[in-house]
Amino acid sequence: MKELSFGTLIAVFEEMMGRGLFWALVAVAALITLAYVYVLIRDRAVSWRKFLLAQLSMPVGAILAVLFVQYITHSGFRDVGGPVDAIIMLVIAILGAIGMAILVYTVQSLMRHSSSSEMP
Amino acid sequence: MNLDRRQFLALTGGGLIASQAGGSAAKAQAVKTSANIVILGVGAAGTALANRLSERLDGARITLVDARKEHLYQPGLSLVAAGLKPPGYVVSQTKQWLPSDVAWVEERAAQIDPESKKVTTEGGTTLEYDYLVVATGLVLDHDAIEGFSLDLVGTDGVGALYAGPQYAEKTWRAAQAFSEKGGVGLFTRPATEMKCAGAPLKHAFLIDDIARRAGNAGKTDMRYMANNNSLFGVPIVAEKVRMLFQHRGIAPVYSHVLKSIDPGARRAVFDTPDGQAEMDYDYIHVIPPQRAPDVVRNSGLSWADKWTDQGWVEADAKTMRHLRYPEIFAVGDVAGVPKGKTAASVKWQVPVVEDHLVAAIGGGEGTAVYNGYTSCPLITRIGRAMLIEFDYGNNLVPSFPGVIAPLEELWISWLMKEIALKATYNAMLRGRA
Numbered sequence: 001m002k003e004l005s006f007g008t009l010i011a012v013f014e015e016m017m018g019r020g021l022f023w024a025l026v027a028v029a030a031l032i033t034l035a036y037v038y039v040l041i042r043d044r045a046v047s048w049r050k051f052l053l054a055q056l057s058m059p060v061g062a063i064l065a066v067l068f069v070q071y072i073t074h075s076g077f078r079d080v081g082g083p084v085d086a087i088i089m090l091v092i093a094i095l096g097a098i099g100m101a102i103l104v105y106t107v108q109s110l111m112r113h114s115s116s117s118e119m120p
Numbered sequence: 001m002n003l004d005r006r007q008f009l010a011l012t013g014g015g016l017i018a019s020q021a022g023g024s025a026a027k028a029q030a031v032k033t034s035a036n037i038v039i040l041g042v043g044a045a046g047t048a049l050a051n052r053l054s055e056r057l058d059g060a061r062i063t064l065v066d067a068r069k070e071h072l073y074q075p076g077l078s079l080v081a082a083g084l085k086p087p088g089y090v091v092s093q094t095k096q097w098l099p100s101d102v103a104w105v106e107e108r109a110a111q112i113d114p115e116s117k118k119v120t121t122e123g124g125t126t127l128e129y130d131y132l133v134v135a136t137g138l139v140l141d142h143d144a145i146e147g148f149s150l151d152l153v154g155t156d157g158v159g160a161l162y163a164g165p166q167y168a169e170k171t172w173r174a175a176q177a178f179s180e181k182g183g184v185g186l187f188t189r190p191a192t193e194m195k196c197a198g199a200p201l202k203h204a205f206l207i208d209d210i211a212r213r214a215g216n217a218g219k220t221d222m223r224y225m226a227n228n229n230s231l232f233g234v235p236i237v238a239e240k241v242r243m244l245f246q247h248r249g250i251a252p253v254y255s256h257v258l259k260s261i262d263p264g265a266r267r268a269v270f271d272t273p274d275g276q277a278e279m280d281y282d283y284i285h286v287i288p289p290q291r292a293p294d295v296v297r298n299s300g301l302s303w304a305d306k307w308t309d310q311g312w313v314e315a316d317a318k319t320m321r322h323l324r325y326p327e328i329f330a331v332g333d334v335a336g337v338p339k340g341k342t343a344a345s346v347k348w349q350v351p352v353v354e355d356h357l358v359a360a361i362g363g364g365e366g367t368a369v370y371n372g373y374t375s376c377p378l379i380t381r382i383g384r385a386m387l388i389e390f391d392y393g394n395n396l397v398p399s400f401p402g403v404i405a406p407l408e409e410l411w412i413s414w415l416m417k418e419i420a421l422k423a424t425y426n427a428m429l430r431g432r433a
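Protein sequence lines, in the order shown, are assigned to chains A and C.
Going left to right, the first sequence walks through residues 1 to 120 as UniProt numbering numbers them.
Going left to right, the second sequence walks through residues 1 to 433 as UniProt numbering numbers them.
Hints are computed from structural coordinates only; laboratory data are not their basis.
Some clues are possibly wrong.
[Stated by the list, open to error] Derived coverage of chain A by chain C (criterion: at least 3 residues anywhere in the stretch with Cβ under 8 Å from a Cβ of chain C; other residues may be distant):
#1 45-56
#2 65-75
#3 80-91
The structure displayed is predicted, hence computed values, not measured ones.
Glycine residues also receive a C-beta, built at the ideal position from the N, C-alpha and C atoms.
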């Protein structure tokens, strides 16, 4: 039981969020990823204008992710106590940023289907 | 309770990528048997073991015996007693955790006869067994504190967070009043073995932090009443706590064991090496002596030469197997091993019992060994904790060496306590962690 196990991880996630919510979130994440891959294939190129907007949204995603974790845990910036805490905060921020960027890019691509409006 | 690498990865989200699919295939094929297994207790240990045995055995008759219909997530009680979680946070229905193919006799065990391999319940039901697992937990001996009664909790500056979720909530009421008004706060612990020895320290740290945040640090006189000349059983942790107490202005008072309280006068009497000592208080947190239930103590399963006033089951420290009755195992709080009345201990002990029990059913010998691992997210203030992990030898055994320093107050340890711990505990109950 001390080895890393995929089954255990799934079990902990299910307990953390509830089975329904966890798998719903997995489905949503999978759908967004699929939609992202779909628009990349459909457009056959990265739209740099959409990518720029996606990049601009990254700090927002980072801040939201960090604040969300603090909100659900009775904690704040003053509780960062050692290097690993700073790293964890950074990891949470990066995950939030990447998630937000993918979301923003995908939503833009799905809403504005035409690639003719893109910069050359 | 501990969070190991898996929970850490779960917490950071990286684990899904890092871990390999198919880990659950590690489960051995179910062993066919008609063995009759009785488990006394539906707490963390009994429930987790029942779930694991149910997976591992095909055809076994597994019977759980316990009258408790509500399951308590005990690691959450310290959060309830600090006003951070509602009482309902720690309560669930026992039934929801039990596998469908086990029988549950909803009565307390009244008698164990290890010679004829029978258990009798308070309702008069007699159950025979091939293998018996004693997982009854322990009893809080509140009556041993003269003048104390559970009715007092929440009034006259009396707290007792271990007694259950409602009492933990009442404890918070008394502690909150103290954190606002100030005065002398006494944080006691018993001289017996006890559930997580970090709990009284956590309560002291949290109430100090709450008073401090309210700007009342100057009004409180916090005193931690150690039962012996140390603040914790592991020397290096005891020294760290001593330093933290010094920094926070919490005075350690050594070798003071609570004997009685006079709630009207708000006065406590302690047994000390120099006789009895009286102390006035405005808030007192009472943790009573803790013992094995009478059914265990009267069964002849207890140690004859150790913990004679407490009656823990005479079990091999490495295998959790009874030293005189090889078909009996003890797991969880009631086990007479030198460490670990915590949920983390249960998490490590249960697979060991499972291994030896399943091996015995197959006619062989198990190989799993319990090394005394236990752990405690030792909260030092709201938002920070130290992840203390140690074994029988008082060695620190950090799960994340070089990453999470065990004696450092960290935010990540708090995140684990607040986010991942209950999920991991629940997964453990289901036999999946």
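Consistency of the hints with the structure:
Interface restraint, the stretch 45-56 of chain A with chain C: violated (0 residues with C-beta to C-beta distance below 8 Å; minimum three). For a cut-off of 8 Å, the count of residues in the stretch 65-75 of chain A with a CB near a CB of chain C stands at 5, and the three-residue condition holds. For the stretch 80-91 of chain A, the assignment as covered by chain C holds, since 8 residues bring a beta-carbon within under 8 Å of that chain's beta-carbons and 3 suffice.
Of the hints listed earlier, the one the structure fails to meet is number 1.
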